[in-house]
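Q: So the chains spell out like this:
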Amino acid sequence: MDDLIPLLPKLWQASYETLYIVGLSLIFGGLGGLLLGLGLYTTRSNSLFSNRPVFGVLNVLVNVFRPIPFIIFLAAAQPLARFVTGTGIGNTAIIFTLSLAAAFGISRIVEQNLLTVQPGVIEAARSVGASRSRIMLTLLIPEALGPLILGYTFIVVALVDMSAVAGYVGGGGLGTFAIQYGYRQFHPVVTWAAVLVIIVIVQLVQFLGNYLARKALRR
Amino acid sequence: MPLISLRDVTKSYPPSRRGGDVVHAVDGLTLDIEAGDIYGIIGYSGAGKSTLVRLINALEHATSGSILVDGDEVTRMKERELRRLRLGIGMIFQQFNLFTSKTVAGNVAYPLEVAKTPRRDIAPRVAELLDFVGLSDKARNYPEQLSGGQKQRVGIARALATSPRILLADEATSALDPETTHEVLELLKRVNTEFGVTIVVITHEMDVIQTLATKVAVMDGGRIVEQGDVFDVFSKPTEASSQRFVSTVVRGVPSATELTALRQRHPGRIVTLSFRDGNTSQGAVFSDLARAGVAFDLIYGGINDIRGRVFGHLTLALTGDADAVDRALATIATKVDATEAPSHG
Chain S
12 MDDLIPLLPK
22 LWQASYETLY
32 IVGLSLIFGG
42 LGGLLLGLGL
52 YTTRSNSLFS
62 NRPVFGVLNV
72 LVNVFRPIPF
82 IIFLAAAQPL
92 ARFVTGTGIG
102 NTAIIFTLSL
112 AAAFGISRIV
122 EQNLLTVQPG
132 VIEAARSVGA
142 SRSRIMLTLL
152 IPEALGPLIL
162 GYTFIVVALV
172 DMSAVAGYVG
182 GGGLGTFAIQ
192 YGYRQFHPVV
202 TWAAVLVIIV
212 IVQLVQFLGN
222 YLARKALRR
Chain L
27 MPLISLRDVT
37 KSYPPSRRGG
47 DVVHAVDGLT
57 LDIEAGDIYG
67 IIGYSGAGKS
77 TLVRLINALE
87 HATSGSILVD
97 GDEVTRMKER
107 ELRRLRLGIG
117 MIFQQFNLFT
127 SKTVAGNVAY
137 PLEVAKTPRR
147 DIAPRVAELL
157 DFVGLSDKAR
167 NYPEQLSGGQ
177 KQRVGIARAL
187 ATSPRILLAD
197 EATSALDPET
207 THEVLELLKR
217 VNTEFGVTIV
227 VITHEMDVIQ
237 TLATKVAVMD
247 GGRIVEQGDV
257 FDVFSKPTEA
267 SSQRFVSTVV
277 RGVPSATELT
287 ALRQRHPGRI
297 VTLSFRDGNT
307 SQGAVFSDLA
317 RAGVAFDLIY
327 GGINDIRGRV
337 FGHLTLALTG
347 DADAVDRALA
357 TIATKVDATE
367 APSHG
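Chains S and L, in that order, are what the protein sequence lines are.
For this note's numbering, add 11 to where a residue sits in the first sequence, where the first one is 1.
For this note's numbering, add 26 to where a residue sits in the second sequence, where the first one is 1.
Warning: the hint list may mix true and false statements.
Taking CB as the label site, the calculated pair distances span [as the list claims (entries may be wrong)]: (1) 212/L - 72/S: 29 to 37 Å; (2) 47/L - 56/S: 45 to 53 Å; (3) 91/S - 72/L: 50 to 58 Å; (4) 71/L - 83/S: 47 to 55 Å; (5) 228/S - 275/L: 53 to 61 Å; (6) 212/L - 75/S: 52 to 60 Å; (7) 102/L - 71/S: 32 to 40 Å; (8) 255/L - 56/S: 36 to 44 Å; (9) 47/L - 71/S: 29 to 37 Å; (10) 172/S - 72/L: 31 to 39 Å.
Note that these hints are calculated values from the structure, not bench results.
Where is the CB? At the ideal position from N, CA and C, for every residue including glycine.
Construct all of the structure, not just a fragment, from the sequences and the given hints.
A: See the structure below:
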C-alpha cells in the first residue's frame, strides 16, 4: 500500500487520460463507424441504396482491417497517423489510430443492429412517399436505437481495452501506468489499483448504457 | 377512364441462384379498377397478389407493360415523382408495419411530415384521423401497447393521413381474429363510403371479399384468370383455375377426397346442384325427384350470402330405378346447374 500512495496523483492523471482517449475515440470512431455501418446496410441487396459494387468494396475493406490485432495496427498505421495528425506518438496519435480501428469494428455492430429493423417498417415509410435519406435519418436509426446503444456500450468497453496499449507509442492512460509503475517496478498493488479503476469505469459505462437502452426500448 | 389501369404488365425476378429460372411473379396482367370500387384480388399464396399491389404504388417496378394511375404513367416516373404519387396512395399491411419508435400520434403524423404539411396543421389532422378510427385515447401510446385490431386501425389512420384517393390493403386482416377482422372490414367500408377512397384488397380469405368487395379478380400464376361482379365470380366461376380456387373457399362443394369418402358411405349416383339467386326453389327440385320415384339423401351442402344475394350448393345421393334417375336428372337439369360426380373417381 505504501507503494501506491505516492503514486495516487499519477493514477488520477492516468485515469483522466484513459477517459480522454476513449472519449474522443468514441466520438470520431463512433461517427465513422455509424457512417460505414449505414453504408454497409443501405448498399446491400434489397436495401435503400442497393449497390453491389459499393457494398463489395465496403465489405472487403472492413473485413481486411477489422481483424488486425490492435497493437500491430498501431505500429502499421503510424505513418498515416503522422500524416493526418502531424505526430506519430503520444495521445493524439493513439486517438487517431484507435478511432480508425474502432470505426471498422463499430460498422459491423451498426450494420447488424440496423438489420434487426423489420423490412416492412421501411416499406411502410416508402409507401407514404418518404425519401430514402429521410427514412435513413428519421426512421432507421430511431427504430434501431435500443440495440445501437447497447452496441456502442460494448464498443466503449472494447475501447478501454484497446487504449491500454497506448504506452507503446508514447501515450498515457491506465495501461501505461500499470505497466510502468506496477509491473516493471514489481509493485503488484499498483497494477491492481489500475485494474480496479478500469473495473469501475467499465461498470459505470455498462450501467449507463443499459439504462439508456432500456429507456429507448421502453422496457 | 379507370382510376387504375394495368396493361400487359410483367414483373420478373432474376433466378435466385445461377442456372435457375426467371420467376414471373406477374405475367402479362391486364386490369382496370374504377374510381370508387372496392376491388378484391384473391388467389392462393404465391399467385403474385402482393407483387401486383406493390406495382400500383411502385414499391416494385414493373419489368414491362403500362401502369396508369389517374392517367399518369407510373412506369416512367422518376424517384421524385414516385414520392408524390405515393402521397396519393395509402397502404396497409398484414403485419401492420407501425413505427415502433413513434407513438400512435407520431405514426399518423409521419406521412404529414413527409408531405411537408405546416406544423400547426398536423396535430388537428392527427386528432381527426384518430377520432375516425376510434383511437383518440391511444394517441400517446406506443404500438406494442395495442392489440392487433388497434394496430391495424392506426395503420389505416396513417395510410389516410394525406387524404389519398387510393388505399391498398395487402392481406390487411390475415393476422387478425374473425371478430377483429369484421371491425376492420367495417372501418374500410366507411373509408370507401365516407371519403370515396378506392380500395384494392389483396386477400386469400373469402369472408373479406364477401363482406367488403364490390368487384373481384381471381389471380393464379401471375395472371387474372377471372374477374367481375363478386356474386357472379363466386357463384359461377367459369375458368378451371378459378373454379378450383373458389371451391376451396366457398362452402358447399365437396372436394375430391371428401367425394371419395361420401361415395363409400352412400350408394347411388351423386349429383351436386347449384342454386343461384333463388330463381329456382329447392322445393321444386325435390318434388321433381319425388314425382320420378327417385329417393335422395342430402349428403353435403352450403348456402352463401354475398351482400344479400344468395347462392348455394347441395349434393344429393340418388337411388332408385336407373331409368327413373336418368329422367329425373334430365328434368332438374333444365332448372338448376347439376353436376354429376364421376362414378369412379
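Q: Each of the hints needs a verdict: does it hold here or not?
A: Hint check:
no.: 1; hint: 212/L - 72/S: 29 to 37 Å; verdict: violated, 55 Å
no.: 2; hint: 47/L - 56/S: 45 to 53 Å; verdict: violated, 19 Å
no.: 3; hint: 91/S - 72/L: 50 to 58 Å; verdict: holds, 53 Å
no.: 4; hint: 71/L - 83/S: 47 to 55 Å; verdict: holds, 53 Å
no.: 5; hint: 228/S - 275/L: 53 to 61 Å; verdict: violated, 41 Å
no.: 6; hint: 212/L - 75/S: 52 to 60 Å; verdict: holds, 59 Å
no.: 7; hint: 102/L - 71/S: 32 to 40 Å; verdict: holds, 37 Å
no.: 8; hint: 255/L - 56/S: 36 to 44 Å; verdict: holds, 42 Å
no.: 9; hint: 47/L - 71/S: 29 to 37 Å; verdict: holds, 31 Å
no.: 10; hint: 172/S - 72/L: 31 to 39 Å; verdict: violated, 50 Å
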